[in-house]
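Chain B: place on chain A using the hints.
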Amino acid sequence: MSYLDSPRLHFNGWFQADVSTINNDVTAFDTGPSAGPPDPGWNPEGTGIFRLVDCAVTGGFLDGRPLSAGDDPAIGMTIENADERPPGKLVDLDPQQQMVSMIFGMQVRLVSSSLQTILRGEFKPAPFINLWQRQITGLRTDQKLGAMYQSVLERVTWSEEPESPLVRALREASQSRKLSIEFAVYGYGRDPKIPRYTMGRVAGTIGPSRSGEPDHFVMGRQMIAPGPLFGTPPGRVGTLQAKVAKDGRSITVDFGNSFQVETADSGLVDIGKVLFGVLTTNPDTVQKSVAESGIAIIGEVPYRNANWYTQTAGIETFDLSGNAAAAKYLLDCPLVVVSPSAAAASGYDVRLQESISGLYVRADQFVFRIDPGETQTVDFCATRFGAPLAGAGIALSNGGPFLAQLGGTPPDLSVPPSGVNVPPASGPPVVITTDSHGHAAFSLKANADGPTLNGDAWPRGYLAGQLYALGYQLEKQPVTYVSSTGNFVSILAYSRRHNPNNVPPTWYDDIQPLFAQYGKLYPIMSKYVVDLSDYASVVTRLSALSLAFSLPQSDPNHMPVTRDLGLADRQMILQWLATKGADGLPPLGTPRPAPAVATTQAETRATGVDLDPMQQAGKTAVILKYERLSGKGAK
Amino acid sequence: MIKIDPRFVAAVRSAKSAPDLWVHLQNAIELEHSTIPPYITAMFSLKPGTNQSISNLIRSIVIQEMQHMAIACNILIAIGGQPKINEQGFIPEYPGPLPMNIGDLRVGIEAFSIPLVKTVFMAIEEPEHPIPVTTALVAEEEQFATIGEFYDAVKDQITKLGPAIFVNKTAPPQVLASDYFRPDVLFAITGPDDANRAIDIIKIQGEGTSADPFDNPGEPAHFYRFGEIAAGKTLKKTETGYSYDDPPIPFDSSGVFPLRPNCKIADYPDGSQAKIRIAQFAYSYSNMLNALHSVFNGSSDKLDAAIGLMYDLQTLAASLMMTPDPTKSGFNVGPSFEYVQLQGGM
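From first to last, the protein sequence lines stand for chains A and B. Here this note's numbering runs 393 ahead of the position in the first sequence, where the first position is 1. Here this note's numbering runs 209 ahead of the position in the second sequence, where the first position is 1.
Just so you know, not all the hints are guaranteed correct.
Below, a list of computed lysine-lysine pairs in the DSS-like style, where the Cα atoms sit at most 30 Å apart [what the hints assert, rightly or not]:
{"no.": "1", "chain 1": "B", "residue 1": "473", "chain 2": "A", "residue 2": "920"}
{"no.": "2", "chain 1": "A", "residue 1": "1018", "chain 2": "A", "residue 2": "913"}
{"no.": "3", "chain 1": "A", "residue 1": "920", "chain 2": "B", "residue 2": "327"}
{"no.": "4", "chain 1": "B", "residue 1": "256", "chain 2": "A", "residue 2": "586"}
{"no.": "5", "chain 1": "B", "residue 1": "225", "chain 2": "A", "residue 2": "920"}
{"no.": "6", "chain 1": "A", "residue 1": "721", "chain 2": "A", "residue 2": "869"}
{"no.": "7", "chain 1": "A", "residue 1": "586", "chain 2": "B", "residue 2": "442"}
{"no.": "8", "chain 1": "B", "residue 1": "511", "chain 2": "A", "residue 2": "973"}
{"no.": "9", "chain 1": "B", "residue 1": "327", "chain 2": "B", "residue 2": "511"}
{"no.": "10", "chain 1": "B", "residue 1": "511", "chain 2": "B", "residue 2": "473"}
{"no.": "11", "chain 1": "B", "residue 1": "511", "chain 2": "A", "residue 2": "517"}
{"no.": "12", "chain 1": "A", "residue 1": "920", "chain 2": "B", "residue 2": "511"}
{"no.": "13", "chain 1": "B", "residue 1": "256", "chain 2": "A", "residue 2": "913"}
{"no.": "14", "chain 1": "A", "residue 1": "920", "chain 2": "B", "residue 2": "537"}
{"no.": "15", "chain 1": "A", "residue 1": "920", "chain 2": "B", "residue 2": "256"}
{"no.": "16", "chain 1": "B", "residue 1": "537", "chain 2": "A", "residue 2": "586"}
Simulated from the structure, these hints should not be mistaken for laboratory data.
Extracted from the complex, chain A is given alone in its bound form (with noise of 0.2 Å):
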């Protein structure tokens, strides 16, 4: 079960995202005498922080029904981010893969109007997927695309008896105290001057979720826009998952993140009548239009209703029980959204269409931070027409040269160096094979010595670890098949310890390496905090530095906050900062002599394109490299 089952809650708001912008150029890890300044980027002294504000319950479902005001009391509760702890982080993998910010620490509370806490739970943390140009204008500045969030909440807890239905059914359906979430996010602003800085819409749903089940997608039917990465499908409607109920009696469709915006305040585009149904054939190319007779209609989608947006957060559920002919096709052809032909007097224009045989394979988690020697597991799931595809082959590939296309500024990434085992960019794919359930794994390793290069524990020169990309398809994928080109995995391999051989360690040779680069990247805290690059502030918070780099990288607190300094390291940091030397203060040692030049890849950025001052870095920066490098515009 998910968030596309029932009962379900639905909320709308804001979110506030106030994240630094000094990390996005890569340049700004280079403390080397070399290094000018920093691009500070649009947000330079942001906080990281990433939580919800003024979200309502707006709508929900139950017993085959859609809520709205009055009908259950949590219907106009809020929703709340923690109140014993800080708020959610929002954290780049990387300065060369920005694509996949994932929110850390989160908690999600549903709160009544008496203030009392309803459910408590901890968002597992979760990139955002199908980054895509959802907003057409506004402000120069404004972040034009949208993207959701797709994950559980863990641990739940309830009150002891909630007064509402709706939550009872809530708390009747979730198994394993685990809930499933979903959220869309757009119209974030990035000018100082207006007062959506650093903030943006919120539309997401809460609902039941049973172990087995992947986190952080639904085992259902998966309709993948064409058209460029990022970009505006041509048929202007998002790529977006549904879900047949299990009685065969109703579907349930994430039109979410799936339509567009004119500005941030606008509401959705009105592109004319849209309908959703399904094809009576199960063709193997992707349509652009289909007569009458070749598609069973489900039901128009009412996006433009007003309120339907923000009392659905655009999950619409069409009832099947009379409507015998799209139930029976259902089974084995593709789903489409459709629009009455423009240019013929029947038939329909198609917007987007369910993928190519109803087959799909997804990576439920994609994002890795691993640390050198672990093991973690990349568990994919293949399916077709949403159901389990058994015996399947999945096909791993080397992503490298896909992602060094994202990969903003040098130091180049098309050819990693070893680090982990991803197949190599030059061989055979490697193919894991499916069980009954679909499930198939992947064990992702990195070399106990953490990604090399030449013996060079930081291959990036300046910038610690490495990225690597696991591409993954179905090994008998269809010729003419639609991907989504942004589902690769990605991975952040951890250089090994700064000093390998556990000298003890000291300011000079092994802390202020680090600490000056963090200290850099993190203004609001060296400024006003503690200062990292200053043994003098940092020998006077040594306690609480303790505690930062000893939480787990789930806390808010954790340190630091990039989330980009291996186990190693912050081990090494810890055992500094616990040692006392004869003034009672952690080492110091001895100054380095100044490097002649800085051993670096780096080249020196160059865009070579027109861009707002703010946005030299960052997404928009990444967008218009990856299309300068693929050919591929956005529009």
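Using the frame of chain A, we list chain B on its own:
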């Protein structure tokens, strides 16, 4: 000087049992806490890279106020009470009198200034009989009790009621936070002697003794530390007494965020950066009180979260204090210490 309504002292002295004392220790917790918002606002308003000595002095005082609050909590816990920190009313209304106060001392939330230190902070910390250094405020003829008398009454009454009222003698449920506080300052309260010793720490760190303005060698009591800031010099013992002397404690008036005094969330229109950020600060401060409430009510594992929130507040204060105030040109937004439980502003 903080002037306590004498009825509070009388009520302490008439306490017949531990539960009769609970409300007074809760008042002490609220009083010790109530100095923290004005002090940290002044501290946060000092721009980075400037006024470092002043910032360090205020920080050292704030940390001791936190200790004092923790001591009062531990004594309350020790005699069977439960600190209440997570509710509306725990934070006093600023500007206004501090808890239990009478008289005309009104404490607000303002950016750092020398007059603020002289007229408000030194007045809060002023001993009944300050040791003459460079200034001596004239005592007014009024019927009031001092904070010292209040705490003396608590000590006397605890001694009178005896060891039997100490029912929770260990941490937990008491809180020692040994990573952050010295064990000779924050220790488990096991009986009247510990309670008296702990209260003396509060008194001496705040006011010094009648003979010595230093609570520790090199560390003047709060009144005299604020005196150092006001004088711009360091307190020294001389042959005849005490004086503010070199090294200087310089103040750079350009190194202060220009905060509009006593900002409130309701002052700002919905959908303004000012409102979003002031509401965010208040929500985080309230979260910190929620976490501390849990820490002092059996969930000592929440201490890390409370510490995390304290550090978060510094970054949130910085964001806030760089935000221009739309209601008053030339000023930025200052923090508000309102107890809020919802995140809003748009």
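Against the structure, the hints:
The suggested pairing of residue 473 of chain B with residue 920 of chain A holds, with an alpha-carbon distance near 26 Å, which does not exceed 30 Å. In summary, the hint linking residue 1018 of chain A to residue 913 of chain A is supported, as the alpha carbons are separated by about 25 Å, within the 30 Å threshold. Restraint check: the Cα-Cα separation between residue 920 of chain A and residue 327 of chain B comes to about 28 Å, which is no more than 30 Å; the hinted pair holds. Using a Cα cut-off of 30 Å, the hinted pair residue 256 of chain B and residue 586 of chain A holds, with the two alpha carbons roughly 22 Å apart.
The straight-line distance between the Cα atoms of residue 225 of chain B and residue 920 of chain A is roughly 52 Å, outside the 30 Å bound, and the hint therefore fails. Of the supplied pair hints, the one linking residue 721 of chain A and residue 869 of chain A holds, its CA atoms being roughly 26 Å apart against a limit of 30 Å. As the CA atoms of residue 586 of chain A and residue 442 of chain B are separated by approximately 42 Å, the hinted pair breaks the 30 Å bound. Straight-line distance between C-alpha atoms of residue 511 of chain B and residue 973 of chain A comes to about 27 Å, which keeps the hinted pair within the 30 Å bound.
At roughly 37 Å between alpha-carbon atoms, residue 327 of chain B and residue 511 of chain B are farther apart than 30 Å, so this suggested pair is violated. A distance of roughly 28 Å separates the Cα atoms of residue 511 of chain B and residue 473 of chain B; the hinted pair therefore holds under the 30 Å criterion. Between residue 511 of chain B and residue 517 of chain A the alpha-carbon distance is near 20 Å, which keeps this suggested pair within the 30 Å criterion. For the suggested pair residue 920 of chain A and residue 511 of chain B, the alpha carbons sit about 27 Å apart, so the restraint of at most 30 Å is met.
For the suggested pair residue 256 of chain B and residue 913 of chain A, the alpha carbons sit about 18 Å apart, so the restraint of at most 30 Å is met. For a cut-off of 30 Å, the pair hint linking residue 920 of chain A to residue 537 of chain B stands: about 26 Å separates their Cα positions. At roughly 9 Å between alpha-carbon atoms, residue 920 of chain A and residue 256 of chain B fall within 30 Å of each other, so this suggested pair holds. A C-alpha spacing of about 16 Å is found between residue 537 of chain B and residue 586 of chain A, which places the hinted pair at or below 30 Å, so the restraint holds.
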